[in-house]
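Letter by letter, the chains look like this.
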Amino acid sequence: MSYFAFLSEHGTTMLLGSVTTVKVLICATILYVIISIIFGLMRISKNPIIQGVATVYIEFFRGTSLLVQLFWFYYVLPFFGISLEAFTAGVVAIGMNFGAYGAEIVRGGILAVPKGQWEGAFALNFTPAKRMRKIIIPQIFPIILPPAANLTVELLKATALVALVTVVDLTFEAKQINAITWLSAQCFGTALLIYYIISRFFLVPFLRWLEVIAARKVGKEKI
Amino acid sequence: MNAEWRWDFAIEILPQMLLATLNTILAAGIGYAIAAIIGLLFLLGQRTPIKIINMINREIVEFIRSTPLLIQLFFVYFVLPQFGITLSAWVCGMITIGLHFGTYLSEVYRGALEGVPKTQWEACRALNFSTFYTYRKIVLPQAFPIAIPGMGNYLVGIFKDTPLLSTIGVAELFHAATAVGGYHYRYLEPYTIVGLIFLMLSIPAAIWIRKIEKNVNLSQGKIKKEQI
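As they're listed, the protein sequences go chains A and B. Using my numbering, the first residue of the first sequence is number 1, and each one after it goes up by one. Using my numbering, the first residue of the second sequence is number 1001, and each one after it goes up by one.
Just so you know, these hints were derived from the structure itself, not from any lab. Quantities reported herein were computed from a predicted structural model and do not represent experimental measurements. Take the hints with a grain of salt, since some may be wrong.
To be verified - In silico lysine to any residue, SDA-like type, Cα no more than 25 Å apart, as pairs:
hint, chain 1, residue 1, chain 2, residue 2
1, A, K157, B, G1195
2, A, K157, B, K1211
3, A, K23, B, N1054
4, B, K1214, A, K157
Said to hold, decoys possible - Have a look at the derived ranges for each label pair, beta carbon to beta carbon:
hint, chain 1, residue 1, chain 2, residue 2, range
5, B, N1128, A, F60, 34 to 44 Å
6, A, P48, B, L1022, 32 to 42 Å
7, A, F4, B, E1062, 47 to 57 Å
8, A, F60, B, G1169, 22 to 32 Å
9, A, G219, B, T1119, 23 to 33 Å
10, A, L7, B, L1026, 16 to 26 Å
11, A, P205, B, T1192, 50 to 60 Å
12, B, E1004, A, G52, 52 to 62 Å
13, B, E1004, A, N47, 33 to 43 Å
14, A, P138, B, P1049, 38 to 48 Å
15, B, N1128, A, L41, 28 to 38 Å
16, A, W209, B, W1121, 32 to 42 Å
17, B, R1006, A, G52, 48 to 58 Å
18, A, G219, B, A1205, 22 to 32 Å
Ideal Cβ placement from N, Cα and C applies to all residues, glycine included.
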């Protein structure tokens, strides 16, 4: 069977799987960004309880494997009466896991803004809200976006794991087709290529574009 | 199904889980050793003066880095037999983890080498040191402390990715948990124990790496004793 015959027969199935993969990617990215901001801010809080909660959360999710967390959410939570759909369990597990990594990036970003900027805003009698919105946050973005972009590419790769809790995504379809046809090279090769294309030609350019905008906002041109 | 945690069941399966943990540690160790060597190969490809090799090397690294480890595992495990190479799940897993993390480690090495100031190279040139001597005595001792945090992080990273090996049938911790869970139809205890074992191993590992980082920096004279 030639590769083109393989594509014409199974191409649509794989593309449909890719759509699910992209859906997981988008939902999990939104969730992880929200969690990173919340826990990143909690991590630099002066209140020891808030800070402690954030530290425990981050250490817990960074210390255990994503696959274990995913299976825990999908197979163990029903014992407690919380049944999540496979898709939801996947998105929540990935979002919470990457949120823990993202929180550290946010914390680092906030701490990396020079102290003089805080003091300057304070000296100019800015309100705390205005100080954050006009001075600190615009400077955080160029610092945190490059590591956050790396993390997001990692997240795309991590979405493959949701196939193991029966979400019908690209990996799942590739496994199915492999089980039917035993054309392993074709179906896993195609899946690898699709992930590569999504990452190289869509996700990474988009993230670079965000970085350029963020750099321009603070007057640092970036090529 | 009830939600209560059964201690007797947890204790009953614990020896089995601890035994499987040894396999997980073994897999992480071997995988890391292979990754460290493959990382050096990618680094060589990156630093050769031949342009075409650089380009091919970069594309390969880029491809491996932007595709999921899970599918790479399936690819190696299912495709190689089509070409008449039948390897055990263990060997496939180790090769794939080595390749995947080798690309990451090559970046760590590269960053470390570039972190050594250019003037150090120029000084060696001025003193007429051979390239080998320059690397051994001047560059590598300075590059090493820069590389340690990254290398340590990927050691923990590999450790946390070993559960993926269970998908191709390597009998490590997660595989054991799934088997036990399926046998007794109780997943609460096995998966929770797996999570706890991972926590108990990876947090001390992270602390230990931070300690080594400090010691190396100390021996290099980068920081002084009072600063700790």
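*asked:* To test your reading of the hints: which numbers does this structure violate?
replied: Violated hints (numbers, rising): 2, 3, 4, 5, 7, 10, 11, 12, 15, 17, 18; every other hint is consistent with the structure.
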